[in-house]
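*Asks:* Given chain A, work out where chain B should sit, using these hints.
Those sequence lines, one after another, are chains A and B. Using the working numbering, the letters of the first sequence map in sequence onto residues 7 to 154. Using the working numbering, the letters of the second sequence map in sequence onto residues 464 to 685.
No wet-lab data here; the hints were simulated from the structure. Just to be clear, a hint being listed does not mean it is correct.
Listed next, with one range per pair, are the computed distances between beta-carbon atoms [as the list claims (entries may be wrong)]: (1) B:E635 x A:G20: 52 to 62 Å; (2) B:E658 x A:E60: 53 to 63 Å; (3) A:S55 x B:I590: 22 to 32 Å.
In this text, all values refer to a predicted model and were calculated from it rather than measured experimentally. Where a beta carbon is used, it is the ideal one built from N, C-alpha and C, also for glycine.
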Amino acid sequence: MSKKQLFIVIIGCGRLGSFLANRLSRDGQSVVILDIDKSKFENLSAEFSGFRIEGDAIESAVLKQAKIDKADALIAATREDNINLMIAQIAKRIYKVPKVMARIFDLKREEIFRQLGIETICPTSIAGDVFLRSIRNMISLPENENLQ
Amino acid sequence: MNIIVVGRGKFVYFLARTFLSKGYKVTIINNEKTECRWLARMLKATVVHGEGSSLQILEEAGAETADAILAVTPNDQDNLVICQLADMYFHMTKTMALVNDPDNEEVFSKLGISEAFSTTRILSSLIEQRTGFENIINLIPISEGKVNVTEVTLEKNSPSIGQALKDIGLPESSLIASLMRRDHLIVPSGSTILEEGDKLITITTPENIGKVISILMGEENS
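Chain A on its own, in the form it takes in the complex (with noise of 0.2 Å):
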């Protein structure tokens, strides 16, 4: 049995944006990248076979034209949060996109938003996270070799 193809939003078109891009195309979902400069779409690789559209997310007729009311999912990825914020509520409330994910920077902005039931991802506290673990680990270390 066949999976059904995904349709997939893409607003940015920066590091992030244009990296999930190259991927889920390559995976074979139909992906419409935006992103206000033009020059960004450079960043994306011969993989990518979706639409690229020049256009300022924040104007209610961009988002008409990248087809949102027919996503399976949305992932706002612009560097600035409040856009991120702004599109991932359009989507979710307004179209109903089943699954909408938002590049957060700022960790208390991102408690906020996520009580509104946007999927938030903050790479602050990912890469925070990281970082904690392996410093932990590395206290914790000296301890178990003095258990052995």
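*Replies:* Just chain B now, with coordinates in the frame of chain A:
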């Protein structure tokens, strides 16, 4: 009244000046240092330098005790988040946002911002009102355009003149809310008789507006 205004430029300056002249306490949040200095020198307002969508800055600006916040930055996304933070984190009941893209007015209201206004839309509808057919003026659209509020002025040859409201056969879900007659406000009842020059405020659904206008003013006007 204690108001926080977030934004830049002359607009914020004049807005703050107007509020101050009414005796309100005003705090301005502005993200440009030189402008902050200028505002602080020109106005008797508290000026906080920083991003209005940062919780820390909102707290510094006294969001916990403020009565209202007005987000008028040039970026719709910032205005939205400022109002949402003020509402969710500081429980401010009065949040108002400027919407630059007129289409976002509807978006903001669906996302729970009670007061979102688009200067583009206000200006363009003002211009339409001034240049359009003067006896029929579309006032504010309510509930995303599901309700029409229209001002109708009865002319000499309007067919409804001399008749009682209950007899002119207004369709269902339409209402004459008020009537201005020689600068006096009348709240009409079914027995009110219409006169030439009456200014009626009608409330209808968009489907019925044409019918209501033709009943009041005659076929050629609808």
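*Asks:* Check the following: the C-beta atoms of E635 of chain B and G20 of chain A are separated by a distance inside 52 to 62 Å.
*Replies:* Taking Cβ atoms as reference, E635 of chain B and G20 of chain A lie about 55 Å apart, which means the hint holds.
*Asks:* Take the C-beta atom of E658 of chain B and the C-beta atom of E60 of chain A, compute their distance, and say whether it sits inside 53 to 63 Å.
*Replies:* holds (59 Å)
*Asks:* Is 22 to 32 Å a correct range for the gap between the Cβ atoms of S55 of chain A and I590 of chain B?
*Replies:* 46 Å Cβ-Cβ, so the 22 to 32 Å window is violated.
Consistency note: the structure conflicts with earlier hint 3 alone.
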